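J.: The lines below spell out each chain.
Protein chains: 2
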Amino acid sequence: MPMHNLASSYGQQLVDVVVPFWTEHALDREMGGYFTFLDRKGQVYGTDKYVWLQARQVWMFSKLYNAFESRPEWLEVARQGYAFLEAHAFDADGRVFFALTRDGRPLRKRRYLFSETFAAIACSEYARASGDEAALERARATFRLLWRLYRTPGALEPKIDPRTRRCKALAMPMVLLATTHEMRLADGDDPLYRQVVEHSLDEIRGQFLRRDECVLFETVGAGGERLDTPEGRCINPGHAIEASWFLMREGVRRDDQDILRDALDILDWSLARGWDVAYGGLYSFLDVQGRPPLQLEWDMKLWWPQGEAMIASLAAYALTGEQRYVDWHERIGEYVAEHFIDREFGEWYGYLHRDGTVALDCKGSAFKGAFHVPRTFWMCYLIALEGRAAQPWHLA
Amino acid sequence: MPMHNLASSYGQQLVDVVVPFWTEHALDREMGGYFTFLDRKGQVYGTDKYVWLQARQVWMFSKLYNAFESRPEWLEVARQGYAFLEAHAFDADGRVFFALTRDGRPLRKRRYLFSETFAAIACSEYARASGDEAALERARATFRLLWRLYRTPGALEPKIDPRTRRCKALAMPMVLLATTHEMRLADGDDPLYRQVVEHSLDEIRGQFLRRDECVLFETVGAGGERLDTPEGRCINPGHAIEASWFLMREGVRRDDQDILRDALDILDWSLARGWDVAYGGLYSFLDVQGRPPLQLEWDMKLWWPQGEAMIASLAAYALTGEQRYVDWHERIGEYVAEHFIDREFGEWYGYLHRDGTVALDCKGSAFKGAFHVPRTFWMCYLIALEGRAAQPWHLA
Numbered sequence: 014m015p016m017h018n019l020a021s022s023y024g025q026q027l028v029d030v031v032v033p034f035w036t037e038h039a040l041d042r043e044m045g046g047y048f049t050f051l052d053r054k055g056q057v058y059g060t061d062k063y064v065w066l067q068a069r070q071v072w073m074f075s076k077l078y079n080a081f082e083s084r085p086e087w088l089e090v091a092r093q094g095y096a097f098l099e100a101h102a103f104d105a106d107g108r109v110f111f112a113l114t115r116d117g118r119p120l121r122k123r124r125y126l127f128s129e130t131f132a133a134i135a136c137s138e139y140a141r142a143s144g145d146e147a148a149l150e151r152a153r154a155t156f157r158l159l160w161r162l163y164r165t166p167g168a169l170e171p172k173i174d175p176r177t178r179r180c181k182a183l184a185m186p187m188v189l190l191a192t193t194h195e196m197r198l199a200d201g202d203d204p205l206y207r208q209v210v211e212h213s214l215d216e217i218r219g220q221f222l223r224r225d226e227c228v229l230f231e232t233v234g235a236g237g238e239r240l241d242t243p244e245g246r247c248i249n250p251g252h253a254i255e256a257s258w259f260l261m262r263e264g265v266r267r268d269d270q271d272i273l274r275d276a277l278d279i280l281d282w283s284l285a286r287g288w289d290v291a292y293g294g295l296y297s298f299l300d301v302q303g304r305p306p307l308q309l310e311w312d313m314k315l316w317w318p319q320g321e322a323m324i325a326s327l328a329a330y331a332l333t334g335e336q337r338y339v340d341w342h343e344r345i346g347e348y349v350a351e352h353f354i355d356r357e358f359g360e361w362y363g364y365l366h367r368d369g370t371v372a373l374d375c376k377g378s379a380f381k382g383a384f385h386v387p388r389t390f391w392m393c394y395l396i397a398l399e400g401r402a403a404q405p406w407h408l409a
Numbered sequence: 014m015p016m017h018n019l020a021s022s023y024g025q026q027l028v029d030v031v032v033p034f035w036t037e038h039a040l041d042r043e044m045g046g047y048f049t050f051l052d053r054k055g056q057v058y059g060t061d062k063y064v065w066l067q068a069r070q071v072w073m074f075s076k077l078y079n080a081f082e083s084r085p086e087w088l089e090v091a092r093q094g095y096a097f098l099e100a101h102a103f104d105a106d107g108r109v110f111f112a113l114t115r116d117g118r119p120l121r122k123r124r125y126l127f128s129e130t131f132a133a134i135a136c137s138e139y140a141r142a143s144g145d146e147a148a149l150e151r152a153r154a155t156f157r158l159l160w161r162l163y164r165t166p167g168a169l170e171p172k173i174d175p176r177t178r179r180c181k182a183l184a185m186p187m188v189l190l191a192t193t194h195e196m197r198l199a200d201g202d203d204p205l206y207r208q209v210v211e212h213s214l215d216e217i218r219g220q221f222l223r224r225d226e227c228v229l230f231e232t233v234g235a236g237g238e239r240l241d242t243p244e245g246r247c248i249n250p251g252h253a254i255e256a257s258w259f260l261m262r263e264g265v266r267r268d269d270q271d272i273l274r275d276a277l278d279i280l281d282w283s284l285a286r287g288w289d290v291a292y293g294g295l296y297s298f299l300d301v302q303g304r305p306p307l308q309l310e311w312d313m314k315l316w317w318p319q320g321e322a323m324i325a326s327l328a329a330y331a332l333t334g335e336q337r338y339v340d341w342h343e344r345i346g347e348y349v350a351e352h353f354i355d356r357e358f359g360e361w362y363g364y365l366h367r368d369g370t371v372a373l374d375c376k377g378s379a380f381k382g383a384f385h386v387p388r389t390f391w392m393c394y395l396i397a398l399e400g401r402a403a404q405p406w407h408l409a
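Sequence lines, in order, name chains X and U. With the first letter of the first sequence counted as 1, position 91 gets the number 104 in my numbering; the numbers rise by one all the way through. With the first letter of the second sequence counted as 1, position 381 gets the number 394 in my numbering; the numbers rise by one all the way through.
Keep in mind the hints are simulated off the structure, nothing from the lab. Since this is a predicted model, take the numbers as computed values, not measurements. All C-beta atoms, glycine included, are put in the ideal place defined by N, C-alpha and C. Just so you know, not all the hints are guaranteed correct.
[What the hints assert, rightly or not] A few chain X residues that face chain U, going by a derived Cβ cut-off under 10 Å, partial list only:
# : residue
1 : 113
2 : 176
3 : 281
4 : 315
[What the hints assert, rightly or not] Derived lysine-lysine pairs resembling BS3-like cross-links, with alpha carbons at most 25 Å apart:
#  : chain 1 : residue 1 : chain 2 : residue 2
5  : X       : 122       : U       : 181
6  : X       : 172       : X       : 122
7  : X       : 181       : U       : 122
8  : U       : 172       : X       : 172
9  : X       : 122       : U       : 54
10 : U       : 181       : X       : 172
[Stated by the list, open to error] To give an idea of the interface, some chain U residues facing chain X are shown, with a C-beta separation under 8 Å as derived from the structure:
#  : residue
11 : 52
12 : 61
13 : 119
14 : 120
15 : 172
16 : 173
17 : 177
18 : 243
19 : 272
20 : 309
21 : 310
22 : 311
23 : 312
24 : 313
25 : 364
26 : 375
The following block holds chain X by itself, in its conformation from the complex (with noise of 0.2 Å):
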């Protein structure tokens, strides 16, 4: 496997095809921000702004600039998502909304701390890009606010009443796993962040994780308990495998193999769970006892577990050069090219049927924007240049 072309083809489908779709069709060049409801062509049919993704492409086209390549343009991207992040995502307490109008009057905050960890990430590679200090600042104060907030019992409002049952989401530890690790990158390896990232993978690898049953799972009880509810025996393949390089990063940045070989077991469950062998791609949701799953789109093939599963597989061969994960790195790549890469009008389709043909056509949505597609070739790229490039790809 020739990892050098293959740098240079994520590195070129990255400038060439995925970032022009978002310069072109994203920007709102009169009210501040972007648009994400973008249809296949890049049209726009919806105009609300989801904080998730102003902040995800504030940090996307910072860490572009930061990484890749320094180009002005891509900066003045950023600047533009951050402006309107300033001006309109923060709430009086600090908490982020989760939903604005076009012109950034709040809609909707919610009780997850999702909305402050992209906010938090947003800002801190936009203060490595540009250099402002305000923006460290608040990515500091976002942090420590949400840190507070998701150790301190009753601060949200739950979802489930706790009195009745306490269970809690694989999610936020694997976010704030990679919320520190950016804010490490920009602000140093302060006490908190190791804090932070000790009690993530504490979670993660401690209650998440079950060898016995070679799973990682969704949701399991406060004190990590099993639930045999089909919440608690839920699968989000997609999820673990994000885990897994997530946990890769960290268990090379400390050299640390049992991380490793835990990062290498979860991905290895979950591409032998998750992949569909009769259509190919990756489920979105399973039940490990193969019982029905609560999620209607639970075969549906989404954009996002595919493109995780084409780093971590390639992060997997570049910490073991072991055959098998190139094999599935290219069974993923293909599968994509087939039926993800829309080569008309660009960037990918974001759903699929089971059988891989297209049931939503558009390229952007509340949860679809600038952030997973060019996240995949641009990490895809840096893990192909491993050994080569004047940065390896977990610092960057």
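Knowing the structure of chain X, use the given hints to seat chain U on it.
T.: Quick look at chain U alone, frame taken from chain X:
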């Protein structure tokens, strides 16, 4: 079309196939109430009790006892569910929980009033079946409470910040129309019920129905304004068709040709737009302008819209005698027979792919229980008996 043969056939499917599935598998004889997470064979895969379905099954079995055949075992099924609701479903403030544990402890209470509407009709119909005065009083109290909360701005936390955007959903006036129908059967034609019916008719016909676009919308502004957002352009053909037969029922009741005209137009438009001419079956969601829908399951074929369309097309035929409604009824019935009915283990599948293959083979879930399928067969039975029955369909 020999209507009495049709009535026999629907009555037989109801009694011999559909009802036994639920009486055999759904009864929790240990802790009361009903299991609804039932897999293809009827095996329990989850034990949480979602109140929508607990209440709807009480209503359904009480209704069958009252309006189909007074079998003591059906009253007993209803009694078991009513006792569970009475003991566990009501919060101290009179509101109704959304989800309970198997033994009745509260898991979730939501900002919507649908749990209250379904609890009200469970209580009212059970009161008719059992003669239990306390159940009728509970129905009245729940109805009065939900109407007060619905009419009091800010009484329930809105999903979207009302300072930024005020909108409302078809579901509420539509469900109020059906709820009031049940309350009037149990409690006579109280002025409050007349007020709620008038209000619901005005909202549905005056604000959600748009003759210029031939559509019944799902979401409009607080004053009925057309919203040019993905939410505002959304059509749910199953919902619109369900609303059409609720309107037919009220139109027949008061012999109002204008209401009937609106109902038939909504049915015609919704069948024309909603039917998938390539694969058959009704889509779940569409954008009125053909833009991308927000729901990734938009083209899946769910069980309940097909059942609502069987009811509405047969009711339209009973009203007009027009052949095209028979044709629709048969077309939908054939699609259901071919794709939804499970001849091996009973009941219908709930969730098909666009192409009619089974996506999720469970028979029950948090949203599918002993309600839409038995109601479809019962209503079709009643309508097919029109003219011969002791009780006209619109008065049952």
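J.: Does each hint fit the structure? Answer for all of them.
T.: Right, here's what the structure says about each hint:
| no. | hint | result |
| --- | --- | --- |
| 1 | 113 | holds, 8 Å |
| 2 | 176 | holds, 8 Å |
| 3 | 281 | violated, 27 Å |
| 4 | 315 | holds, 8 Å |
| 5 | X:122 to U:181 | holds, 18 Å |
| 6 | X:172 to X:122 | holds, 14 Å |
| 7 | X:181 to U:122 | holds, 18 Å |
| 8 | U:172 to X:172 | holds, 14 Å |
| 9 | X:122 to U:54 | violated, 42 Å |
| 10 | U:181 to X:172 | holds, 23 Å |
| 11 | 52 | holds, 6 Å |
| 12 | 61 | holds, 7 Å |
| 13 | 119 | holds, 5 Å |
| 14 | 120 | holds, 5 Å |
| 15 | 172 | holds, 7 Å |
| 16 | 173 | holds, 5 Å |
| 17 | 177 | holds, 5 Å |
| 18 | 243 | holds, 5 Å |
| 19 | 272 | violated, 34 Å |
| 20 | 309 | holds, 5 Å |
| 21 | 310 | holds, 5 Å |
| 22 | 311 | holds, 7 Å |
| 23 | 312 | holds, 6 Å |
| 24 | 313 | holds, 6 Å |
| 25 | 364 | holds, 5 Å |
| 26 | 375 | holds, 4 Å |
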